[in-house]
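Asks: Fit chain B to the supplied structure of chain A, relying on the hints for placement.
In order, the protein sequences belong to chains A and B.
The opening position of the first sequence corresponds to residue 1011 in our numbering, with each subsequent residue numbered one higher.
The opening position of the second sequence corresponds to residue 478 in our numbering, with each subsequent residue numbered one higher.
Source of the hints: derived by calculation from the structure; they are not laboratory data.
Among the hints, erroneous ones may be present.
[Said to hold, decoys possible] Using 25 angstroms as the maximum straight-line C-alpha spacing, the simulated DSS-like pairs for lysine-lysine come out as follows: (1) B/K487 with B/K497; (2) B/K553 with A/K1141; (3) B/K589 with A/K1228; (4) B/K552 with A/K1141; (5) A/K1141 with B/K589; (6) A/K1051 with B/K553; (7) B/K589 with A/K1154; (8) A/K1051 with B/K552; (9) B/K502 with B/K673.
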Amino acid sequence: MFWTVTLSLLKGFGETLALFSLTLIFSLPLGLLISLGSMRKSPIVRMPIRFIIWVVRGTPLMLQLLVIYYGPGIILHQNIWGMGSSGRFIAAVVAFVLNYACYFSEIYRGGIQSIPVGQYEAGQVLGLTRKQIFWNITLLQVIKRIIPPISNEIITLVKDTSLARVIAVYEIIWEGQAFIKSAGIIWPLFYTGAFYLIFSGLLTILFGYIEKRLSYFK
Amino acid sequence: MAILEVRNLKKTFDHTNVLKDISFKMEEGEALSIIGSSGSGKTTLLRCLNWLETADEGQIIVRDKVLFDAADTSKKSDAQIRENRRHFGLVFQSFNLFPQYTALENVMLAPKLNAEDTRSVAEIEQNARELLDQMGLSNRMDNYPHQLSGGQQQRVAIARALALHPDILCFDEPTSALDPELTGEVLKVIRGLAEKNTTMIIVTHEMSFARDVSDKIIFMDDGYILEQGTPQEVIDNPKEERTRQFINGIKI
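Pulled out of the complex, with its shape left as it was, chain A reads as follows (with noise of 0.2 angstroms):
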């Protein structure tokens, strides 16, 4: 039984991870254009994403996964996400990627914002151009200031994953709850819990040290 159990929640962590990495891949990358867009001094730019912000930030993911899951068959009358279970894990990592998108684009603009003035101004007054000051001289001062809140954000995703089972993405908790239907047992369950303890713990690992190679500055 063990085994089968195993097995079973292997398969539907496979699911997380993958949905997990997906996320990252597409919303770290995105987050940085949202908030880019957010700085903007233009307010044709700037008011339109700042909405789209505070409408995601302020709804809760569960409500943007079925939206966006049934609202353009309901709507549009015409499925957009294929059929099947691939259909609904598509569905799925566009909803997290918005999602946690705009957290990143806040944190982003959090630390970009922080980084103070005057060291922009060095970098002018020694003759440096926009691209040499972003690169050599305020990037990493934003990644430091930006991996304790990112590495929260992620750790908080490894956990959301699990609501995708509301449009019936078959991740590790859905496999593991099979089991009470199917064979009456509960501990499915709480080996599920071992699987996100021992993730979150390597990714807390990980952020340390990357925490840790960045403290030489201040």
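Replies: Relative to the frame of chain A, chain B by itself:
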């Protein structure tokens, strides 16, 4: 030939006239100190000279070449502005060292990134080491800014500005952010530069220092130059009542 001539510079921020009509000249090798109370426009003047602000009216002329003319409204390229900036160096009140670089790396960064600097990295490093040595920091080159005292950080900042060989080195209240016991080491370094006839503009509240090192003093008040001349003229025998008030208030 004057190394720097400023003609009728004016600058307004949100309806506040910060610089009302600033004109002065300085010669190569001169140390010029600008004194005056807070809000008189001293820092804005330095920022205009370094293109951190753009004056609304007036001209900035270096070695007979007009680098800035407010009447010329054609858009200047970033490259052109960088080229103009090279004539000036600026040492900030709050040092603004780059925290992720050591003292040596701070001094080397701009020359290394400057495409027009044809020197090898080894030569740039050699020059940076000499400058830091001259600042009395030979045993601090590999320290990061947070490991240095304020006075040491400011001396690194001076070396960093000197590494680009500016025609005119500007200091914006270089000791105002320092504990009193640390101002001496920074003033000593600036005094050393004056003795080597470095062309400098020093905005300062250190009156006795300004009197000792300057060839010329400008007293600014409310956006105007109220008085200028030798230290003996401006500090010891001011003509204007306002200058006298200011100097007596500060107490040497």
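Asks: Taking the hints in turn, state whether each one holds.
Replies: Each hint, compared with the structure:
no.: 1; hint: B/K487 with B/K497; verdict: 5 angstroms, holds
no.: 2; hint: B/K553 with A/K1141; verdict: 18 angstroms, holds
no.: 3; hint: B/K589 with A/K1228; verdict: 23 angstroms, holds
no.: 4; hint: B/K552 with A/K1141; verdict: 20 angstroms, holds
no.: 5; hint: A/K1141 with B/K589; verdict: 15 angstroms, holds
no.: 6; hint: A/K1051 with B/K553; verdict: 21 angstroms, holds
no.: 7; hint: B/K589 with A/K1154; verdict: 24 angstroms, holds
no.: 8; hint: A/K1051 with B/K552; verdict: 20 angstroms, holds
no.: 9; hint: B/K502 with B/K673; verdict: 20 angstroms, holds
Hint check: no violations occur; every hint is consistent with the structure.
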